[in-house]
Amino acid sequence: MHDSLGYKITRAVVLTLLALFTLYPLWSLFSVSATTASAAGGVFRWIPKTINLHAYVAMWSSVPLLHFLLNSLLVSAVAAIVALPIAILAGYGLTRYKLAGSGVFLRVILATQVFPGVFFLIPLFVLYVTIQDSAGIALDGSYLGLIITYLTFSLPFAIWMLTGYLDTVPRDVEEAAMVDGAGRLRAFFSTTLRMAVPGVAAVGVFAFMTGWGEVLFASVLTNSATRTLPIGLQLFENAQGGVIQWNQLMAASITVSLPVVVGFLLLQRFFVRGLSAGAVK
Amino acid sequence: MAVTSVRDTSTEGGGRGSGPPASGAPKRRKRQIIPYFLLLPAVIAVAIVMVGPMLVGVLMSFLHLNQFTIANWTTAPWAGLANFRIAVNLSEPIARNLLSSLGLTAGYTVVVVGVSWALGMAGAVFLSDAFRGRAWLRSLFLLPYAIPVYVGVMVWTLMFQQNGAVNTLLGRDLHLVSQSTFWLAGSDAFWSMVITTVWRTWPFAFLMLLAGLQAIPREHYEAARVDGATRWQEFIKVTMPSVRQVSLLLVLITGFWTFNDFTTPFIMFSTAPPSSARLMSIEIYINSIVNLNFGLGAAMAVIMIILLIIASFVYLRLLNMRVGDVTNA
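So the sequence lines, in the order shown, correspond to chains A and B. Note that the numbering used here has the first sequence beginning at 1, numbered continuously upward. Note that the numbering used here has the second sequence beginning at 1, numbered continuously upward.
These are calculated hints, taken from the structure and not from any lab test. One should not assume that every hint holds.
[What the hints assert, rightly or not] Selected chain B positions facing chain A (in silico; Cβ < 7 angstroms):
1) Ala-42
2) Phe-84
3) Gly-123
4) Pro-148
5) Val-151
6) Leu-158
7) Gly-171
8) Thr-181
9) Phe-182
10) Ala-211
11) Ile-303
12) Leu-307
[What the hints assert, rightly or not] These stretches of chain A come out as covered by chain B in the derived footprint (C-beta under 8 angstroms, 3 or more residues):
13) 154-165
14) 189-200
Cβ atoms here follow ideal geometry from the backbone N, Cα and C, with glycine treated the same way.
Based on the provided sequences and hints, a complete structural model is requested.
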């Protein structure tokens, strides 16, 4: 293919601008994290005057960062692990059977994205408190309450993506396994699901990301013992005498971003496939 | 409940698979119930955490609910339409603020979704070409979507400070603005939010459009090329029609997300945003949780949802869009 010089220049310019726009905050994040607290609070410099990685050590003791990290890890991981089988079952049912109302179901799934989180916040809170008072199951300020919340908020999109993904996995192998005498569910698990593992993993990462980055419900449903990262990091703004420790805040931000970034980038291909399969139709 | 339905399915499935195909026929009617059990756990979970609170939320919008009555909310005094009347009575500041917040949020959504789509499209089209470094750029472009939302918002908040990176770039280095521009106040606050949200939304558009482009058969482009089409004509005549469905869904989903955005104004301005940054979600949060008028907040949220549902219906109808089709169904 012979592209004109004009096209190649346009492409180079556009892609460079997009790359710079993407990198600009990432570089700022890194640059501020690698300097002293006073320099981080001063005028921004592309390369810090004094390069100092002390923030990466100090951040662990300024606020109970490890505690928040473990809280977030527990809540997000359990929510993702529980969401997956539920979404797989639904995706299996939707793609392998002719179900009356499956179109309606998927439309409802999409429609749940309409509702603003702020609408659910107080009702969910009072429901949790009511259940807690009447049934004695601790939901407000407990891990369980957050887990159920995040599980449900990641579920619609997980079902949407997994349904799309499972729909692209050919049925022949599964049918062949059934002809060979495997039960329907076993045939599904040993063939289709095995082929869909990357897609399932990608959806798992997505479900994990939901809890890992959620702010609104965490601001109401957690207390000092169950506080998750998004709320916990805000404590850097008050730690040590009301001065925002920007260098530590940025260092902590990079640290907590790493696990999801790595997981996401490793699985990006499958993420794209699940996303598009549901949408391209 | 969920466990039972799984076990039922496996026994049923096993029965069918091990028997000869002919014997499957009489069992068919019974088996058609089983697949619905597969959806049951999902339906139950969504019902508990979404439908339940939804009903309570609608109920609350008809109650006088404040810090005193919330503890026994089931016995809170009935308000009828009083909360809704406050929310739409434009002679009072509360309703005027809500209306301006609605306009602001609509503008914010249109700009963020439009720009994100355009950037995503540009990135996806150019990265569909084969050249060196393509895989690196693709991973780079996805980074803002992968990092937690609040981290992205926090770093932009730092950059928009008076001595932050934005003034260093635009003021000190490029001399486009004053070095002491205060970005997080006045009407600039709106654009600061827009840039922050575009930064983390466009990678999602890029991701979906890239997948859409990859699904276009090569022959379509070859045919256009034989006809001597330029790259631009190719884009208009082949690419655009082919990704129409993906684009429409993308605009719908990112539109919902942006319209409902709470994280950006909350992390940037906490509960005291300048008037140019009072998006619907934060406006409702302030009325409900900061001012402790939960009934009014619920009524506002109900109004917001009704408007969103009407808007999405019009959108789906106007564009004759189909959603939720599975090949098998």
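Each hint, compared with the structure:
1. Ala-42: 4 angstroms, holds
2. Phe-84: 15 angstroms, violated
3. Gly-123: 5 angstroms, holds
4. Pro-148: Holds, because the Cβ-Cβ distance from Pro-148(B) to chain A comes to roughly 4 angstroms (cut-off 7 angstroms).
5. Val-151: Holds, because the Cβ-Cβ distance from Val-151(B) to chain A comes to roughly 4 angstroms (cut-off 7 angstroms).
6. Leu-158: 6 angstroms, holds
7. Gly-171: Violated, about 10 angstroms.
8. Thr-181: 13 angstroms, violated
9. Phe-182: It is violated, given that the least Cβ distance between Phe-182(B) and chain A is near 14 angstroms, above 7 angstroms.
10. Ala-211: 3 angstroms, holds
11. Ile-303: Hint violated; Ile-303(B) Cβ to chain A Cβ min 10 angstroms, cut 7 angstroms.
12. Leu-307: Check failed: Cβ of Leu-307(B) comes no nearer than 10 angstroms to chain A, outside 7 angstroms.
13. 154-165: Coverage by chain B holds here, the residue count being 4 at a Cβ distance below 8 angstroms.
14. 189-200: Contact hint for the region 189-200 of chain A vs chain B: violated, 0 residues under 8 angstroms.
This entry does not satisfy hints 2, 7, 8, 9, 11, 12 and 14, going by the numbered hints stated previously.
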